[in-house]
Amino acid sequence: FLLNRSSDLTIEKKLQEVCFGSLEAMHMDEKGLKTFYDCHLNHEDFTKYGGENLAMVKKRWRFILNKIYLEAKDGDYVLIVGHGTMYTILAADLLHMNRLELEEYCSKQGKKYTYNGGIARFLLDHKGIHLEALMADPQDYLQE
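168 is the number of the first residue of the sequence shown in our numbering; add one for each residue after it.
Because the hints were derived from the structure by calculation, they are not lab data.
On a predicted model such as this, the values are computed, not experimentally measured, just so you know.
Worth double-checking, as some hints may not be accurate.
Simulated restraints on C-beta separations [said to hold, decoys possible]: (1) Ala239 to Lys198: 41 to 51 Å; (2) Gly188 to Arg229: 13 to 23 Å; (3) Lys198 to His293: 41 to 51 Å; (4) Lys180 to Ser274: 32 to 42 Å; (5) His194 to Arg229: 25 to 35 Å; (6) Glu197 to Asp243: 39 to 49 Å; (7) Met195 to Leu290: 29 to 39 Å; (8) Ala239 to Leu200: 32 to 42 Å; (9) Asn265 to Asp307: 18 to 28 Å; (10) Asp243 to Leu200: 31 to 41 Å; (11) Gln276 to Arg229: 24 to 34 Å; (12) His194 to Phe230: 31 to 41 Å; (13) Leu291 to His194: 31 to 41 Å; (14) Asp241 to Tyr204: 33 to 43 Å.
Keeping only pairs whose Cα atoms sit at most 25 Å apart, straight-line, the calculated DSS-like set for lysine-lysine is [claimed, not checked]: (15) Lys294 to Lys240; (16) Lys215 to Lys226; (17) Lys215 to Lys198; (18) Lys234 to Lys294; (19) Lys240 to Lys180; (20) Lys225 to Lys201; (21) Lys180 to Lys215; (22) Lys181 to Lys226; (23) Lys225 to Lys294; (24) Lys225 to Lys240.
Idealized CB from N, CA, C, for every residue including glycine.
Turn these sequences into a full structure, and let the hints steer you where they fit.
What follows is the structure, encoded as structure tokens:
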């Protein structure tokens, strides 16, 4: 993450993608994809495969978001770069939804719930973190 344009890049392990355990190295045929998707739908629970569950992921992400909040100054812009699952879990959590509800919510707004690369905007203030804009395709964002 970056705190402002003059900040050095900080690599933060606590923001890494969800640990999918042995599914990370698995060949993703139809059965593998179903197993993977079932874990996503079951509260991101990959513990059966040596990975993480939703509570574990949220705990480490909340820790680092709190760290960013404490280190940032009013008016700072923070760039956080992460994977689609990280964004999906964070956005769903902030909107008090699960993955399927987020997918439906985004669809009603004419958006995908995640892209293979994209930009979302969040606001972090004394009341917490808030989703300001759903992830957009980078091309759409450049047109704003």
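Hint check results:
| no. | hint | in the structure |
| --- | --- | --- |
| 1 | Ala239 to Lys198: 41 to 51 Å | holds, 45 Å |
| 2 | Gly188 to Arg229: 13 to 23 Å | holds, 22 Å |
| 3 | Lys198 to His293: 41 to 51 Å | holds, 47 Å |
| 4 | Lys180 to Ser274: 32 to 42 Å | holds, 33 Å |
| 5 | His194 to Arg229: 25 to 35 Å | holds, 34 Å |
| 6 | Glu197 to Asp243: 39 to 49 Å | holds, 46 Å |
| 7 | Met195 to Leu290: 29 to 39 Å | holds, 36 Å |
| 8 | Ala239 to Leu200: 32 to 42 Å | holds, 39 Å |
| 9 | Asn265 to Asp307: 18 to 28 Å | holds, 25 Å |
| 10 | Asp243 to Leu200: 31 to 41 Å | holds, 40 Å |
| 11 | Gln276 to Arg229: 24 to 34 Å | holds, 26 Å |
| 12 | His194 to Phe230: 31 to 41 Å | holds, 34 Å |
| 13 | Leu291 to His194: 31 to 41 Å | holds, 39 Å |
| 14 | Asp241 to Tyr204: 33 to 43 Å | holds, 42 Å |
| 15 | Lys294 to Lys240 | holds, 15 Å |
| 16 | Lys215 to Lys226 | holds, 19 Å |
| 17 | Lys215 to Lys198 | holds, 16 Å |
| 18 | Lys234 to Lys294 | holds, 15 Å |
| 19 | Lys240 to Lys180 | holds, 23 Å |
| 20 | Lys225 to Lys201 | holds, 24 Å |
| 21 | Lys180 to Lys215 | holds, 22 Å |
| 22 | Lys181 to Lys226 | holds, 9 Å |
| 23 | Lys225 to Lys294 | holds, 18 Å |
| 24 | Lys225 to Lys240 | holds, 24 Å |
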